[in-house]
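2 protein chains.
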Amino acid sequence: MYYIGVDIGGTNISAGAVSESGELLFKKSVKTGKERDYEDILKDIIALVNEIKNEGSDGAKSIGLGCPGSCNKNTGTVEFSGNLNWHNVPLAADVQRAAELPAFLENDANAAAYGEFVSGAAKGLNSAVIITLGTGVGAGIIIDKKVFCGENFAGGEIGHNVISVDGPPCTCGRSGCFEVFSSATGLIRMTDEIMQKNPNSAMHSITEEMGKISARTAFIAAKQGDEAGKKVVDDYIKYLACGIANVINTFQPDCLCIGGGVCNEGDYLLVPLRELVAREIYTRNSAKNTEIFTCKLGNDAGIIGAALANV
Amino acid sequence: MYYIGVDIGGTNISAGAVSESGELLFKKSVKTGKERDYEDILKDIIALVNEIKNEGSDGAKSIGLGCPGSCNKNTGTVEFSGNLNWHNVPLAADVQRAAELPAFLENDANAAAYGEFVSGAAKGLNSAVIITLGTGVGAGIIIDKKVFCGENFAGGEIGHNVISVDGPPCTCGRSGCFEVFSSATGLIRMTDEIMQKNPNSAMHSITEEMGKISARTAFIAAKQGDEAGKKVVDDYIKYLACGIANVINTFQPDCLCIGGGVCNEGDYLLVPLRELVAREIYTRNSAKNTEIFTCKLGNDAGIIGAALANV
Chain A
1263 MYYIGVDIGG TNISAGAVSE SGELLFKKSV KTGKERDYED ILKDIIALVN
1313 EIKNEGSDGA KSIGLGCPGS CNKNTGTVEF SGNLNWHNVP LAADVQRAAE
1363 LPAFLENDAN AAAYGEFVSG AAKGLNSAVI ITLGTGVGAG IIIDKKVFCG
1413 ENFAGGEIGH NVISVDGPPC TCGRSGCFEV FSSATGLIRM TDEIMQKNPN
1463 SAMHSITEEM GKISARTAFI AAKQGDEAGK KVVDDYIKYL ACGIANVINT
1513 FQPDCLCIGG GVCNEGDYLL VPLRELVARE IYTRNSAKNT EIFTCKLGND
1563 AGIIGAALAN V
Chain B
1263 MYYIGVDIGG TNISAGAVSE SGELLFKKSV KTGKERDYED ILKDIIALVN
1313 EIKNEGSDGA KSIGLGCPGS CNKNTGTVEF SGNLNWHNVP LAADVQRAAE
1363 LPAFLENDAN AAAYGEFVSG AAKGLNSAVI ITLGTGVGAG IIIDKKVFCG
1413 ENFAGGEIGH NVISVDGPPC TCGRSGCFEV FSSATGLIRM TDEIMQKNPN
1463 SAMHSITEEM GKISARTAFI AAKQGDEAGK KVVDDYIKYL ACGIANVINT
1513 FQPDCLCIGG GVCNEGDYLL VPLRELVARE IYTRNSAKNT EIFTCKLGND
1563 AGIIGAALAN V
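Protein sequences, first through last, are from chains A and B. My numbering puts the first residue of the first sequence at 1263, with every later residue one more than the last. My numbering puts the first residue of the second sequence at 1263, with every later residue one more than the last.
Keep in mind that the hints were calculated from the coordinates and are not lab data. Mixed in with the good hints, there may be bad ones.
With a straight-line cut-off of 30 Å between C-alpha atoms, the simulated DSBU-like cross-links for lysine-lysine are [claimed, not checked]: (1) A/LYS1407 <-> B/LYS1550; (2) B/LYS1407 <-> A/LYS1408; (3) B/LYS1550 <-> A/LYS1335; (4) B/LYS1408 <-> A/LYS1385; (5) A/LYS1296 <-> B/LYS1550; (6) B/LYS1558 <-> B/LYS1289; (7) B/LYS1407 <-> A/LYS1407; (8) A/LYS1550 <-> B/LYS1335; (9) B/LYS1407 <-> A/LYS1385; (10) B/LYS1407 <-> B/LYS1315; (11) A/LYS1408 <-> B/LYS1385.
Since the structure is predicted, the reported quantities are computational estimates derived from the model, not experimental observations.
All chains, please: the whole structure from these sequences, using the hints.
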């Protein structure tokens, strides 16, 4: 017996068979071709699901669909997905009818968070917040072993919580959001700003070598002892710690996991980050505080979480 | 049949009999005398509870104790209360033994929030966040009709979430917390700052008349057309809207209720506040958004909520 999970992304659609305990048994993927109509993409999703269904030796029990955007779990309708240009599409019902298995819908960030919770960095706990530091700052929140999404399925948008009123503008229309500072995009912006003020920084030659400023530029320079690079890294960690301390003050979860490319910096990021957060949280003198980990499952988290989030 | 609720404050201890539906049947109170030992205050709590127990015509079913500080609901122990100078006192067990009724412990802000939820401004809903704008900014969070308090009973400390990194210092040790701007204390500080820059503002004569700067000074001046007073009010509402939008982005509750003296300003505060929040939230284009109300129950919320939060 297994559960089918589908992770619908802007570039790829990945699907897999997931055991009850959260093990990914096998997976397959196709290109999304997101410029196409919903009906065409839906056909590919159904074909992929049927492949997984036919290939599993034991019976598939249900299908979980992780999708970007505003996903109504109750109706199974994607109300809006800017990334896919979908408006009110009855995704779960369409897949359920075609694949003849119960189908459930979940927001993709929530699905990935649930994946880390059920078989990744937060396994075995009661609550967790998973924060992905990518192009933006996404988050999934698990309370009492369940995905928390508020009354309109849009809760947990902590990337768009302001940490610096009157700060730099955010894509969401606010100013100074957590995402403005702690996303890879924000890190690149801060790197660029400090490079312009420091023409002798090693970050310039690193950028020339790599072809462009990346989220790694400042970390590479800082590790070489470059002062301007260190300043970028220190600033980045300061803002990240601020946003994370806010999340801990709010939810006091068992653990908080961060994912995304910047986590490859390992202890160079984590050690000072944990120190700063420990100083900032309201419960700094308590016996029991939230642990901070990095995510473990990478892209598989979305498949695993989608498969199991609503069964 | 009724439930006894006790609200233990720094100044008064209030207790009452509460019906199953959240009606406060009658109440009594005594001075806390917080400079006394735990044992002495405990005796007064037990005496008050016994008065309520003997006076109710029908049988009392249980006792709920709302207490400031870090309250372990599972053990019934007040782990720390700075206000009362209590360290690891087994309050619920002590009251239960003496009054011969099951006793439960809850943080006082959570109890007051639950009171508003069960029979005040948020009655009949599924989720709510209640924010009290007093000396500090307290909050109580209700998810799926239950008090949310995180894994260590300290969740929901949103007053100590930073909205202005590098902002003015907060009593908690961070800088630029929501509380620094949106508490009555913060409003008085901002009033004082702007008065100093505006020697001709009407706020000076208002202050002379009232004897000191209060949280009302700027509102009185603004309503008289005083420009500096308007600036204080506009700033106050801007920061308050920022913090509230953060809370809505995070929890997407059915409603958010604000309480505290500043709410007496009514629509003068609420109308621009609602407008600003509506522009700031991530779901500004959604059909279903959080409604913003003012609290209804005043000090009775704490008694009602304590009585019913854990039965």
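Hint-by-hint comparison with the structure:
Using a Cα cut-off of 30 Å, the hinted pair A/LYS1407 and B/LYS1550 holds, with the two alpha carbons roughly 26 Å apart. Proximity of B/LYS1407 to A/LYS1408 is assessed by CA-CA distance (about 16 Å); at most 30 Å being required, the pair is judged to hold. With a C-alpha separation of about 15 Å, the suggested pairing of B/LYS1550 with A/LYS1335 holds against the 30 Å cut-off. Proximity of B/LYS1408 to A/LYS1385 is assessed by CA-CA distance (about 25 Å); at most 30 Å being required, the pair is judged to hold.
For the proposed pair A/LYS1296 and B/LYS1550, the alpha carbon gap of about 28 Å is at most 30 Å, so the pair holds. Taking the CA atoms of B/LYS1558 and B/LYS1289, the gap is near 17 Å; set against the 30 Å cutoff, the hint holds. Distance check on the hinted pair: B/LYS1407 and A/LYS1407 sit about 17 Å apart at the alpha-carbon level, within 30 Å; holds. Taking the CA atoms of A/LYS1550 and B/LYS1335, the gap is near 15 Å; set against the 30 Å cutoff, the hint holds.
A C-alpha spacing of about 27 Å is found between B/LYS1407 and A/LYS1385, which places the hinted pair at or below 30 Å, so the restraint holds. Proximity of B/LYS1407 to B/LYS1315 is assessed by CA-CA distance (about 27 Å); at most 30 Å being required, the pair is judged to hold. Annotation: proposed proximity of A/LYS1408 to B/LYS1385 holds, straight-line Cα distance about 25 Å (limit 30 Å).
Of the numbered hints given earlier, the model fails none.
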